[in-house]
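Engineer: Listed below, chain by chain, are the residues.
There are 2 protein chains.
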Amino acid sequence: MPAARNGRDSTLFFAQALLPGGWARDVRIGVRGGTIAGVETGARPGPDDERHACAVPGLPNVHSHAFQRGMAGLAERRGPAGDSFWTWRDVMYRFVDRVTPEDLRAIAALAYVEMLESGFTRVGEFHYLHHDPSGRPYADRAIMGGAIAAAAADSGIGLTLLPVFYAHSGFGGAPPRADQRRFVDDLDGYARVLEGAARAVAALPDAVIGIAPHSLRAVSPDALAALDRVAADRPVHIHIAEQIREVTDCLAWSGQRPVAWLLDHVGVDGRWCLVHATHMTDAEAAAMARSGAVAGLCPITEANLGDGVFPARRFLDAGGRYGIGSDSNVLIDATEELRLLEYGQRLVHRGRNLLAADTGRSTGADIHAAAVDGGAAALGVTSGLAVGVAADIVSLDLRHPSLAGRAIDSVLDGLIFAAGRSGIDCVWRHGARVVSEGRHHAREQVVQDYVATMEKLTA
Amino acid sequence: MPAARNGRDSTLFFAQALLPGGWARDVRIGVRGGTIAGVETGARPGPDDERHACAVPGLPNVHSHAFQRGMAGLAERRGPAGDSFWTWRDVMYRFVDRVTPEDLRAIAALAYVEMLESGFTRVGEFHYLHHDPSGRPYADRAIMGGAIAAAAADSGIGLTLLPVFYAHSGFGGAPPRADQRRFVDDLDGYARVLEGAARAVAALPDAVIGIAPHSLRAVSPDALAALDRVAADRPVHIHIAEQIREVTDCLAWSGQRPVAWLLDHVGVDGRWCLVHATHMTDAEAAAMARSGAVAGLCPITEANLGDGVFPARRFLDAGGRYGIGSDSNVLIDATEELRLLEYGQRLVHRGRNLLAADTGRSTGADIHAAAVDGGAAALGVTSGLAVGVAADIVSLDLRHPSLAGRAIDSVLDGLIFAAGRSGIDCVWRHGARVVSEGRHHAREQVVQDYVATMEKLTA
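Sequence lines, in order, name chains A and B. For the first sequence, this note's numbering assigns the number 1 to the initial residue and increments by one for each residue that follows. For the second sequence, this note's numbering assigns the number 1 to the initial residue and increments by one for each residue that follows.
If you're looking for bench data, these hints aren't it; they were derived computationally from the structure. We put the beta carbon where it would ideally sit given N, CA and C, even for glycine. Treat the hints loosely; a few may be bogus.
[As the list claims (entries may be wrong)] If you want a taste of the chain B side facing chain A, the calculated C-beta under 7 Å gives, among others: (1) P80; (2) V208; (3) G306; (4) D413.
Put together the whole structure using the sequences plus the hints.
Structural biologist: Written out as structure tokens, the structure is:
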């Protein structure tokens, strides 16, 4: 029985589990071919069941640039003339110049192992490193997407690959800079990137391909309209309104702010994920919420890059939904992302428990639920511990001092605000257990390959 | 040789070590009676030396309420009428009502174990839980301070005990509330608290006792002047300007903002640690910097409680110094405190590397150095890997993927911004190794006692 050998056909028994309707006791989850085939509550464990204390759904990571994991901690040095997002980008461009397909695989594998260990079970890889270091397309158009897919296979993480279309260095069709040469295509070239991506992910069990116009800076209005048609019903991701300079440049170019321009000129709907959307007026936040688009929030990176604080409370009041992304991967920790999302709101509004949905509700549980639902929508999959959904499951260590003895509906508060990722016990992805006692099964080999790669790249 | 058996007489050899003058190679550190007796650079290891990769000084934790570790994650639920610092305080008061001396010891021991594991080697315990649950002084005045000292001994952490004087519930001498009965003393009672504290810490190797007027809310001007005299040359710690309501109440009472009032009416100098000091005008920040007082910054708690962001960049420009505190202990992680300190500045100023001292300098190294020096001053001890200083040492795991292969002067950037506490290998306190591979030697027993205590307290 090969399916049983790889752990994807099994029955898991949890003393408590967070189901779509709320917490339930004595939950038996049957897994067949990586997918949840049955959920029974108030059950007795079978003799062959694998037994654990407490299950929650895995978190989708809606926005990652995996290769940037390799420069984590290398841009935290004060430069001349005041550091900003833009000077950070120069450091990143110099790093990206040297990355080969093999390097990309080794770096991404570490990032994905760390994601799984912290509770992320699927990643939206916003992938723009298409060409060789001279800027020429590789002979094999699938090679860089293939490196990402190989890293997903190495780690087991679910993959929504988002090949990026990048054409210009600024609003109004400014020609690309020399250090953007590895990203740049015209629409015909992008069609080949997409074909390569489809080949690259073919062997993964439940990969999704989406469309990613990089930003309003890098994509003209005509190309954006064309990409929206290419997308059909697939996810569409775009960077938007991350930096004040982008807002002022967009105003100078169009007379409108970025989110307002996008909502007015493109059919933004539930397929779309607007990454960052940090700088919005109240009217933009309300209009974005009405569009059904998911906000792709990346609290650690948005703090690291000095972007600003997303107007989450206002966006939620208008009915908006969001997912969480690790973006630059400077520090990969799903629990810290959720914690900083709430903490940013507390610092701005000088209050507490701002992202709980209502009085009496757990802030941790509500943030977690929003990020699971919004994140899955943004990555083109369904979510939750329910029949027909991929068995992407995180179990918590209820012996952890920040979780032990707590009422079950406070456990996600304990995880997010007190224990952090040390509260995570096991992680299953597509039915296979890939993390035990907080440690990915392939960690040792993946770290060894990563360290060797970094020694080469920084030599 | 009992001293050798407890590990306090030994020679440690580090391939690299951060000395007061900067990074050095092949550093032999001789330890005698818990204190650094010799530092040799460019040395050869002796045959009995204990060898490690990389040493940095331990961080002082300038502000802790250890018992609050027991309510970590229990106040993250949305209450009626808008949550704030003040509704959080009500939850904390209900928790504090039930804590016995034995409970306090068990809870504090876990907090101190977690502090050591994350790189804190000395704690300033802002200790106000003096009386029994009915508000009567315990027959043994040393019993609650003794519980703190016992937890320090259980964990090995260095202790600066800061017994708190608390008399009023608001500005202008308002009588204390019923739920403040365990904290309240007059000056005669406080003298007995101090005598008890001195007895409580007598068995610890290098404990310090400081004086802690709770806040301008809780202490009258006359009592504050009296406490300043009692302090003589000992550390003096006070909560100040944490919340906007405190600022408006102080203005209503005195016509001045809290920091301005304190600087105008009390001889604030280098003995003083002003905890939080979040809400200051530029003039107050400059005057506080000139006073020589240390700012006691608690970034995780200040985010959790929605206090606001300390004006760190302006305070440093005026020559100010700071230490770091874990305060409510909702999440104990020295690296996350330092990270959030810098990130708060980045979000406010929308830039990067704001707390590096100068162009070309490592932000992580500069924040770490400031927190070591300012923190030690605030806790009444000397700091750094130097002869005559307590051997409080943290070694880093240079095989960690976020630290491996980095230039040594980027290692603290890697630790603070990328690896987090998982980059810590061993911790020595007063010459004894108490943490190995990131894990405190007494963790198992301490967690067991803590969990049993919490099951009783939350039953």
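Engineer: Interface hint check: B:P80, Cβ to nearest Cβ on chain A, cutoff 7 Å. Holds or violated?
Structural biologist: holds (5 Å)
Engineer: For the hint on B:V208, does the least C-beta distance to chain A fall short of 7 Å?
Structural biologist: Given a least distance of 28 Å, the restraint on B:V208 is violated.
Engineer: Per the CB criterion, is B:D413 less than 7 Å away from chain A?
Structural biologist: holds (4 Å)
Engineer: Does the CB of B:G306 sit less than 7 Å away from some CB of chain A?
Structural biologist: holds (4 Å)
Violated hints amount to a single one, hint 2; each of the other numbered hints is respected by the structure.
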